[in-house]
Amino acid sequence: EAQVTQNPRYLITVTGKKLTVTCSQNMNHEYMSWYRQDPGLGLRQIYYSMNVEVTDKGDVPEGYKVSRKEKRNFPLILESPSPNQTSLYFCASSSLGTGKDEKLFFGSGTQLSVL
Amino acid sequence: LAKTTQPISMDSYEGQEVNITCSHNNIATNDYITWYQQFPSQGPRFIIQGYKTKVTNEVASLFIPADRKSSTLSLPRVSLSDTAVYYCLVGRKLNAGNNRKLIWGLGTSLGVNP
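Sequence order for the protein chains is A and B.
Reading the first sequence from the start, the letters are residues 3 to 117 in this note's numbering.
Reading the second sequence from the start, the letters are residues 272 to 385 in this note's numbering.
Hints may be right or wrong, so weigh each one.
To be verified - Each pair of labels, with its calculated beta carbon distance range:
(1) A/R46 - B/N296: 19 to 27 angstroms
(2) A/T88 - B/A337: 38 to 46 angstroms
(3) A/S110 - B/T354: 17 to 25 angstroms
(4) A/A4 - B/V330: 16 to 24 angstroms
(5) B/P336 - A/T22: 39 to 47 angstroms
(6) B/M281 - A/K59: 27 to 35 angstroms
(7) B/P311 - A/N86: 37 to 45 angstroms
(8) B/S280 - A/Y12: 44 to 52 angstroms
(9) B/F334 - A/R46: 38 to 46 angstroms
(10) A/I79 - B/P385: 22 to 30 angstroms
(11) B/E329 - A/E3: 15 to 23 angstroms
(12) B/S380 - A/S110: 17 to 25 angstroms
(13) B/V330 - A/K73: 27 to 35 angstroms
To be verified - In the DSS-like style, the derived pairs of lysine-lysine whose C-alpha atoms are separated by at most 30 angstroms in a straight line are:
(14) B/K364 - A/K71
(15) A/K71 - B/K372
(16) A/K73 - A/K20
(17) B/K372 - B/K323
(18) B/K364 - A/K105
(19) A/K105 - B/K340
(20) A/K59 - B/K274
(21) A/K20 - B/K323
(22) B/K340 - B/K364
(23) A/K73 - A/K105
(24) A/K67 - B/K364
(25) B/K340 - B/K372
(26) A/K19 - A/K59
(27) A/K67 - B/K372
Hints are computed from structural coordinates only; laboratory data are not their basis.
From the three backbone atoms N, C-alpha and C, an ideal C-beta is built for every residue, glycine too.
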């Protein structure tokens, strides 16, 4: 089954404790992206990657890092989480820009709470 | 910079047709329009995508006028299970490569009543 898998689904942590949210897709997509979703603000892009070893900032990259060492994986790293990073996070992948349907596939989300 | 604007919320009744309009006044020639549906505690799910005129699939229709400054998602005969948030998205090609800028609306919360 074609899917984007995020882990964990829920995470509670404390300020300053490094964490990683994993994302994996099995559709051989070149494009992957991270979003955060906050009430009243919709979906805001954090980082995206057009292919392996190619990453770029989205609209709200401050406080986040990503890496794309393999095509299927795109982890989101919070080196020193702060309470304002409490949010619902989504990973997405797509064959964007390859001439096929420009359709995003989303994971189920990670609800992060930073105390 | 392009911006998409859509109503915050709408209400309807089962069996009715629902039309949600998104405004994207600064849409560029090569931009395309996509709509997503999101249920609580789930990621958005693709509904329909188009460039101009009308596109129809098994769940919805997308109407795009000639000037492309707006688009309308049409859901025929909605049911309670169509209660969700609907997002309008404009996709913009940034350069000669495959890079894209995705411009999201803030979403329309659709409530379907019995």
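Is 38 to 46 angstroms respected by the C-beta to C-beta distance linking A/T88 and B/A337? This hint holds: roughly 44 angstroms between Cβ atoms.
So the hint says 27 to 35 angstroms: do the beta-carbon atoms of B/M281 and A/K59 match that? holds, 34 angstroms
Pair hint outcome, B/K372 versus B/K323 [Cα-Cα no greater than 30 angstroms]: Measuring from Cα to Cα gives roughly 19 angstroms; hence the hint holds.
Straight-line alpha-carbon gap B/K364 to A/K71, limit 30 angstroms: holds, 25 angstroms
Hey, A/K105 versus B/K340, does the alpha-carbon distance stay inside 30 angstroms? Satisfied, since the Cα-Cα distance of roughly 21 angstroms is no more than 30 angstroms.
Between A/K59 and B/K274, does the CA-CA distance stay at or below 30 angstroms? The given pair, whose Cα atoms are some 19 angstroms apart, holds under the 30 angstroms limit.
Is the hinted pair A/K73 and A/K105 satisfied, with a Cα-Cα distance of at most 30 angstroms? It holds: about 18 angstroms lies between the C-alpha atoms, which stays within 30 angstroms.
Confirm or reject the claim that A/S110 and B/T354 have a C-beta distance inside 17 to 25 angstroms. holds, 19 angstroms
Quick one, are A/K71 and B/K372 close enough, alpha carbons at most 30 angstroms? Measuring from Cα to Cα gives roughly 23 angstroms; hence the hint holds.
Taking the beta carbons of B/P311 and A/N86, is their distance inside 37 to 45 angstroms? violated, 23 angstroms
Starting from the hint 38 to 46 angstroms, judge whether the C-beta atoms of B/F334 and A/R46 obey it. With Cβ atoms ~28 angstroms apart, the hint is violated.
Taking 39 to 47 angstroms as the hint, is the beta-carbon distance of B/P336 and A/T22 inside that range? At roughly 46 angstroms between Cβ atoms, A/T22 and B/P336 fall inside 39 to 47 angstroms, so the hint holds.
Consistency note: the structure conflicts with the earlier hints numbered 7, 8, 9, 10, 21.
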